[in-house]
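K.L.:
Single-letter residue listing:
There are 2 protein chains.
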Amino acid sequence: MDVLIGKKGAMAYVLAVVTGFNNDDKVVIKARGRNISKAVDVAEITRNRFYQEAKLENIEIGTETIEDRAVSTCEITLTKGEEAKED
Amino acid sequence: MDVLIGKKGAMAYVLAVVTGFNNDDKVVIKARGRNISKAVDVAEITRNRFYQEAKLENIEIGTETIEDRAVSTCEITLTKGEEAKED
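Each protein sequence line maps, in turn, to chains Y and H.
Start counting the first sequence at 1; every next residue gets the next number (this note's numbering).
Start counting the second sequence at 1; every next residue gets the next number (this note's numbering).
No lab work stands behind these hints: they were computed from the structure.
Certain hints may be false.
Copies of one chain are not kept apart here, so a pair can be met inside one copy or by any two copies together.
Only pairs whose alpha carbons sit at most 25 Å apart, straight line, appear in this in silico SDA-like list of lysine to any residue [said to hold, decoys possible]:
(1) 7 <-> 69
(2) 55 <-> 15
(3) 7 <-> 81
(4) 55 <-> 12
(5) 7 <-> 34
(6) 26 <-> 65
(7) 26 <-> 66
(8) 26 <-> 15
(9) 8 <-> 49
(10) 26 <-> 68
(11) 80 <-> 63
(12) 80 <-> 68
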């Protein structure tokens with residue numbers, strides 16, 4: 001599942017991620033521009049407080065061109081990580 | 001070399017990264033909180049416009065506690081990447 005970070009508070013997206021783990025083993029938190037900081041907050045709050053088994057699988061950054069302006073993008077992939085509990 | 005992202009415009013830090021590559025093979029762009037978005041901008045502008053051989057080696061996110069508040073952190077490691085040109 002993808003969670004797109006927008007204008008709401010971080011907790012709204014943390015809830016979306018935690019809910020996403022009910023259906024999916026993998027949640028990708030996606031953000032552009034200034035919302036990238038919030039995406040990192042969402043991943044960290046999820047991992048530290050609400051779903052401590054979650055594993056940070058991957059982080060990618062990139063650039064998109066929107067209306068002739070370059071905008072940075074970020075995708076943070078979290079997995080349920082229960083299989084990885086043994087380490 | 002480390003480049004700490006603060007209040008200046010992104011270009012000031014892009015210049016610091018490009019200058020850093022004169023002395024070091026590796027530059028780590030570090031940011032906290034809202035400056036994380038700017039750190040991604042700095043990495044992307046450097047890679048896309050000023051130092052296209054630069055290679056994105058690693059991205060790490062974490063949490064620091066500052067004055068009892070949890071603050072997200074991000075470290076983006078860029079390398080000169082000239083050795084990696086063959087691929």
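K.L.:
Have a look at residue 55 and residue 12 and pick one of within, between, both or neither, based on CA distance no larger than 25 Å.
P.N.:
Classified as within; 20 Å inside a copy, 34 Å across copies.
K.L.:
Could you figure out if residue 80 and residue 63 sit no more than 25 Å apart (CA to CA) within one copy, between two copies, both or neither?
P.N.:
So residue 80 and residue 63 pass the 25 Å test across copies only (19 Å; inside, 28 Å).
K.L.:
Could you place residue 7 and residue 34 in one of the four classes (within, between, both, neither) given a Cα distance threshold of 25 Å?
P.N.:
So residue 7 and residue 34 pass the 25 Å test inside a copy (10 Å) and across (14 Å) alike.
K.L.:
With identical chains, the pair residue 7 and residue 81 could be close in the same copy or across copies; at 25 Å between alpha carbons, which is it: within, between, both, or neither?
P.N.:
Neither. Shortest intra-copy (28 Å) and inter-copy (37 Å) distances fail the 25 Å Cα cut-off.
K.L.:
Evaluate residue 26 and residue 66 at a C-alpha cut-off of 25 Å and name the case that applies: within, between, both or neither.
P.N.:
neither (28 Å within a copy, 30 Å between copies)
K.L.:
Within a copy, between copies, both or neither: which one fits residue 26 and residue 65 at a CA-CA cutoff of 25 Å?
P.N.:
Result: close neither inside a copy nor across copies, 27 Å intra and 28 Å inter.
K.L.:
When Cα atoms must be at most 25 Å apart, do residue 7 and residue 69 count as within-copy, between-copy, both, or neither?
P.N.:
both (20 Å within a copy, 22 Å between copies)
K.L.:
Please sort residue 26 with residue 15 into within, between, both or neither, judging by C-alpha distance up to 25 Å.
P.N.:
Only inside one copy: residue 26 and residue 15 sit 15 Å apart there, 37 Å across copies, limit 25 Å.
K.L.:
At most 25 Å between alpha carbons: which applies to residue 80 and residue 68, within, between, both or neither?
P.N.:
The answer is neither: 38 Å in one copy and 28 Å across copies each exceed 25 Å.
K.L.:
Could you place residue 8 and residue 49 in one of the four classes (within, between, both, neither) given a Cα distance threshold of 25 Å?
P.N.:
within (19 Å within a copy, 32 Å between copies)
K.L.:
Quick one: residue 55 to residue 15, C-alpha cut-off 25 Å, is that within a copy, between copies, both, or neither?
P.N.:
within (17 Å within a copy, 34 Å between copies)
K.L.:
25 Å Cα cut-off: does residue 26 pair with residue 68 within a copy, between copies, both or neither?
P.N.:
neither (33 Å within a copy, 31 Å between copies)
Violated hints, in rising order: 3, 6, 7, 10, 12; the structure is consistent with all others.
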